[in-house]
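The chain contents come next:
2 protein chains.
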Amino acid sequence: MSRAAGGVGRVAVVGLGLVGGSLTRLLAARGADVVATDTDPGTRSDARAVGLAVADDLGALCAAAPDLVVLAVPLRAVRATAAELAPLLTGADTTLTDVGSVKGPVRAAVRAAGLGDRYVGAHPMAGTEHSGFGASDAGLLDGAPWAVTVAEPGTAAAAEPARLAQVLRLVTGPLGGTAAVVTDDRHDEAAALVSHVPHVLATQLLNAVAGAPVRDLALGLAAGSFRDGTRVALTDPARTEAMVTENAAWVAPALRKAVRDLEVVIGALETNGSLHDVFHAADDVREERTGRARTGGPVERLSLAEGWTPRVVDELVSRGSAGSVVVGVDADAVHLRPPR
Amino acid sequence: MSRAAGGVGRVAVVGLGLVGGSLTRLLAARGADVVATDTDPGTRSDARAVGLAVADDLGALCAAAPDLVVLAVPLRAVRATAAELAPLLTGADTTLTDVGSVKGPVRAAVRAAGLGDRYVGAHPMAGTEHSGFGASDAGLLDGAPWAVTVAEPGTAAAAEPARLAQVLRLVTGPLGGTAAVVTDDRHDEAAALVSHVPHVLATQLLNAVAGAPVRDLALGLAAGSFRDGTRVALTDPARTEAMVTENAAWVAPALRKAVRDLEVVIGALETNGSLHDVFHAADDVREERTGRARTGGPVERLSLAEGWTPRVVDELVSRGSAGSVVVGVDADAVHLRPPR
Chain A
1 MSRAAGGVGR
11 VAVVGLGLVG
21 GSLTRLLAAR
31 GADVVATDTD
41 PGTRSDARAV
51 GLAVADDLGA
61 LCAAAPDLVV
71 LAVPLRAVRA
81 TAAELAPLLT
91 GADTTLTDVG
101 SVKGPVRAAV
111 RAAGLGDRYV
121 GAHPMAGTEH
131 SGFGASDAGL
141 LDGAPWAVTV
151 AEPGTAAAAE
161 PARLAQVLRL
171 VTGPLGGTAA
181 VVTDDRHDEA
191 AALVSHVPHV
201 LATQLLNAVA
211 GAPVRDLALG
221 LAAGSFRDGT
231 RVALTDPART
241 EAMVTENAAW
251 VAPALRKAVR
261 DLEVVIGALE
271 TNGSLHDVFH
281 AADDVREERT
291 GRARTGGPVE
301 RLSLAEGWTP
311 RVVDELVSRG
321 SAGSVVVGVD
331 ADAVHLRPPR
Chain B
1001 MSRAAGGVGR
1011 VAVVGLGLVG
1021 GSLTRLLAAR
1031 GADVVATDTD
1041 PGTRSDARAV
1051 GLAVADDLGA
1061 LCAAAPDLVV
1071 LAVPLRAVRA
1081 TAAELAPLLT
1091 GADTTLTDVG
1101 SVKGPVRAAV
1111 RAAGLGDRYV
1121 GAHPMAGTEH
1131 SGFGASDAGL
1141 LDGAPWAVTV
1151 AEPGTAAAAE
1161 PARLAQVLRL
1171 VTGPLGGTAA
1181 VVTDDRHDEA
1191 AALVSHVPHV
1201 LATQLLNAVA
1211 GAPVRDLALG
1221 LAAGSFRDGT
1231 RVALTDPART
1241 EAMVTENAAW
1251 VAPALRKAVR
1261 DLEVVIGALE
1271 TNGSLHDVFH
1281 AADDVREERT
1291 GRARTGGPVE
1301 RLSLAEGWTP
1311 RVVDELVSRG
1321 SAGSVVVGVD
1331 ADAVHLRPPR
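Here the protein sequences come in this chain order: A and B. With the working numbering, the residue at position 292 of the first sequence is 292, and numbering never jumps. With the working numbering, the residue at position 273 of the second sequence is 1273, and numbering never jumps.
Source of the hints: derived by calculation from the structure; they are not laboratory data. No residue lacks a Cβ here, since even glycine has one placed at the ideal position from N, Cα and C. Treat the hints with caution; some may be incorrect.
Covered, in the sense of this in silico footprint (three residues per stretch, anywhere, with C-beta under 8 angstroms from a C-beta of chain B), are these stretches of chain A [said to hold, decoys possible]:
(1) 92-106
(2) 195-209
(3) 217-223
Build the full structure now, drawing on both the sequences and the hints.
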């Protein structure tokens, strides 16, 4: 449960945008052995200027023989980057992970490049409305909740336990975060609900006001609920579009449900019907969130007495799906915090 | 344009909840002559304990001969409170205003009590997810953007210019705020877009996660977009229900538009269609908001050489509808800041 960088080996970060830059800065600040690269020469020189170790290209990055390669490129670039990376990853031990906001499509792209066996998915649940290395900050990912994902149980490339351990040590070690271990599908379904659908609704809110006859008045009157409700709509729209499109399989049904829910509200408003049930449906969550801070129960210990076996992976996925998160990994055990 | 309390006379605040309490605290802090009341004895004694002047009931409040009465009761209590207030407002000069989040229905309630001629609508665009006097704070409304509303031009009870002046002096004087002067309808349409629809969407987001099979995982992974997108759903759901229901005439069509917009997104996601136009529809607003702070042009001056005539009211409504806000009132002129 230490934040020391020991035990994670050499980390190579591909892409120095908001997330890749923040990740590299945080790892460097924690004393990890980290090297990064970016296709943009200006970005590379900006990163060198703040003291980061930067390789000129993927070849130079892989020549540094990293233990872990983190893909931090835009979703639309994952397939091409993975293909370019494949012949360069000659060391059998190098594990590949990423920071993408969808996991099933990234695994498919990585498999297409022949790197499926090396891959463990990862997604930090943190971001800002800004983009690029200039907006990156060591604090952005410090202590973030991550999802760390494996393929569906029983599929050919089930997570290699040792590779999962490597990524969990990175997240809960120098990055100071927590990790929910789940399958790609579970992740993508949950991410649709807590990230992609919110982005679509925020975009709709912003579009509706931007196109309204009362636009100037409305923008002048806009206070907290509109500011909060549209903040993520101010992020790079191309990035949002990619995120939403890549996860269409989960976002579309979640939006269908949103439409049905809104039609219930409209029906009640147009017939003087009661909205009581709509506004009280989530009272239990509301009470949890407005009450004392959400703290989990006591940390539990999953023994590693038999090492990182497939059984350990299954157990982590089962607990992760139920809301437990990994908070630390040591030689003897994985430490998990159960949901509140 | 001074923040001094002079010139606003004695202000009486009915209701010491979040907004009424914050209003009373701010007016007192600015040295205004303010007295308040609340139906709850505990709230009255809490308010007295922090040094505010508190009357025991509406009778005692009105006996203090206020120049301006501010209704700060819940929307569902406006009708009954106005009826109780009517026989007590014996001074012909007393003006009535409020802080309600919808304006047409409040004017209807006030008219039903025979107080329509005294009434100028007002709505501060500020709030928190908390309620009650305990959550009130002088800072909440300090400098807030307000809407100040008049009836439709030509209706029987068109705003008495002197009463409008009184409310504008209060808002831009000791409250340090700005005021968009508009009709009730314009306000209610804009408020549906920037406040009521965001509340409904936030509630839907929260409900969808609360009812999802992946609920615990989703709540564990929830980061900025979900937190921001649901913040206002954590407010008192009964208050939100009242606000949305009272403004049904504007909220229902705005939600119908939201449904149509979401169906476009769903259609594109299900057919691999492009979402480019959806995600770029509000690029102009996005640029304004992410660029330098939104500052208006130079402050303009609307002469009061002929006094507070109906023409001045019409001019303020016309400019308010176009996005200009009143930033100050003095003996010679109304000062307005045009939209950016």
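Right, here's what the structure says about each hint:
Taking a C-beta to C-beta cut-off of 8 angstroms, the region 92-106 of chain A contributes 0 residues in contact with chain B, too few for the three needed, and the coverage statement is violated. Beta-carbon proximity to chain B at under 8 angstroms applies to 14 residues in the region 195-209 of chain A; the threshold of 3 is reached and the given coverage holds. Only residues whose beta carbon comes within less than 8 angstroms of a beta carbon in chain B count, and the region 217-223 of chain A has 7; three or more means the coverage holds.
In summary, the one numbered hint that this structure violates is 1.
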